[in-house]
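S.K.: Taken in order, these protein sequences are the chains called X and W.
Be aware that the first sequence starts at 0, since it is given in numbering that gives the first Met the number 0, and climbs by one per residue.
Be aware that the second sequence starts at 0, since it is given in numbering that gives the first Met the number 0, and climbs by one per residue.
Just to be clear, a hint being listed does not mean it is correct.
[Unchecked claim] Cross-link-like lysine to aspartate or glutamate pairs, in silico, EDC-like; alpha carbons within 20 Å at most:
no., chain 1, residue 1, chain 2, residue 2
1, X, K54, W, D21
2, X, K98, X, D192
3, W, K89, X, E121
4, W, K109, X, D136
5, W, K137, W, E72
6, X, K169, X, D48
7, X, K54, W, E119
8, W, K89, W, D21
9, X, K67, X, D31
10, W, K95, W, E63
11, X, K67, X, E130
12, W, K66, W, D134
[As the list claims (entries may be wrong)] A few chain X residues facing chain W, derived, Cβ under 10 Å:
no., residue
13, V51
14, A52
15, Y78
16, T79
17, F135
18, G155
I should point out that these hints are in silico values taken from the structure, not numbers from a laboratory.
Note that the coordinates shown come from a computational prediction; the quantities given were computed from them, not determined experimentally.
Think of the CB as a built atom: it goes at the ideal place given N, C-alpha and C, for glycine as much as any other residue.
The primary structure of each chain is shown beneath.
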Amino acid sequence: MASALVRRARGSAAAAPALWAAARGVASVGSDIVSSAPCVSLQKARSWDEGVATKFSTTPLKDIFHGKKVVIFGLPGAYTGVCSQAHVPSYKNNIDKLKEKGIDSVICVSINDPYVLNGWAEKLQAKDAIEFYGDFDGSFHKNLDLEIDLSAALLGHRSHRWSAFVDNGKIKVLNVEKAPSEFKVSGAEVILDQI
Amino acid sequence: MAPIGVDDTLPDGQLGWFDADDKLQQVSIHGLAAGKKVVIFGVPGAFTPTCSNQHVPGFVNQAEQLKAKGVDEILLVSVNDPFVMKAWAKTYPENKHVKFLADGLGTYTKELGLELDLSEKGLGIRSRRFALLADNLKVTVANIEEGGQFTISGAEEILKAL
Numbered sequence: 000m001a002s003a004l005v006r007r008a009r010g011s012a013a014a015a016p017a018l019w020a021a022a023r024g025v026a027s028v029g030s031d032i033v034s035s036a037p038c039v040s041l042q043k044a045r046s047w048d049e050g051v052a053t054k055f056s057t058t059p060l061k062d063i064f065h066g067k068k069v070v071i072f073g074l075p076g077a078y079t080g081v082c083s084q085a086h087v088p089s090y091k092n093n094i095d096k097l098k099e100k101g102i103d104s105v106i107c108v109s110i111n112d113p114y115v116l117n118g119w120a121e122k123l124q125a126k127d128a129i130e131f132y133g134d135f136d137g138s139f140h141k142n143l144d145l146e147i148d149l150s151a152a153l154l155g156h157r158s159h160r161w162s163a164f165v166d167n168g169k170i171k172v173l174n175v176e177k178a179p180s181e182f183k184v185s186g187a188e189v190i191l192d193q194i
Numbered sequence: 000m001a002p003i004g005v006d007d008t009l010p011d012g013q014l015g016w017f018d019a020d021d022k023l024q025q026v027s028i029h030g031l032a033a034g035k036k037v038v039i040f041g042v043p044g045a046f047t048p049t050c051s052n053q054h055v056p057g058f059v060n061q062a063e064q065l066k067a068k069g070v071d072e073i074l075l076v077s078v079n080d081p082f083v084m085k086a087w088a089k090t091y092p093e094n095k096h097v098k099f100l101a102d103g104l105g106t107y108t109k110e111l112g113l114e115l116d117l118s119e120k121g122l123g124i125r126s127r128r129f130a131l132l133a134d135n136l137k138v139t140v141a142n143i144e145e146g147g148q149f150t151i152s153g154a155e156e157i158l159k160a161l
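Let the sequences and hints guide you as you build the complete structure.
M.R.: Rendered as structure tokens:
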């Protein structure tokens, strides 16, 4: 498992493991993010009133990824240290550079409910630059094998800290930190060089 | 588990809490409630409107009156992680007495028999809206709402019972 993570972090995967991984629905370079997580939807960060007005609608992955160049990053939790102080700001501060490279949208996803995520995104003043989506039951991250048990930190099952460049649904770049507390490979500066 | 009711013993449980020095602690309900008069109130979710705008402010604002009537602890429980509870607590700078406790995995809420499936609204398994009064671990008042409304689980009802 650890060696697989290191391979991913270097952005290279041999063909055979990538195909096997894609068949299992695991995220890896070359796999299709939408078919890796079929029947999965995400919940756009919103206030409760917006939820009521939209009848708590969810967004299927194909609406997010098809026909678009997307940079997506995942993190363990809203309102936690590295997530708030480093990970989100890195993308917020580099949004113009990402757009110059032809990126259509920058997405932040975490295993939080969409209301907590909305409160957090507004606090970080990041909603203009980044689209925040909640994977409230963890199904997106489970399908992509990007889930980690952080019960010891009283967080339960959460996402690894990771980033990816996805072109029309195909994962072109995937960076996963070795530990969720680290912030070495999943920031905006790194992925800007990889796009 | 059947919902907790009057004359039941308050079950024990471990909840997450960032204390006054910003240290993450695991606190035990029995540790906080044994030999004391405590109010425990529960909400479906941090940063949602009824919880934020009505239920919590009621207890924050009436905390002094509750203490004057002999209540030792006022505990808020929600199925959220402790980071979210800490951030939510910060939105009430005037709060002096309510402890925002995190039942991150919903374990304690299940012990109380008060879980509520709000998956349709993107929240997963959460707590029903409720308020309990317990005296030395014996439940003397159990006000549990049906659905999401806010009619009997506020601070006023607990004050009336004291």
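S.K.: Against the structure shown, which of the earlier numbered hints fail to hold, in ascending order?
M.R.: 1, 6 and 14
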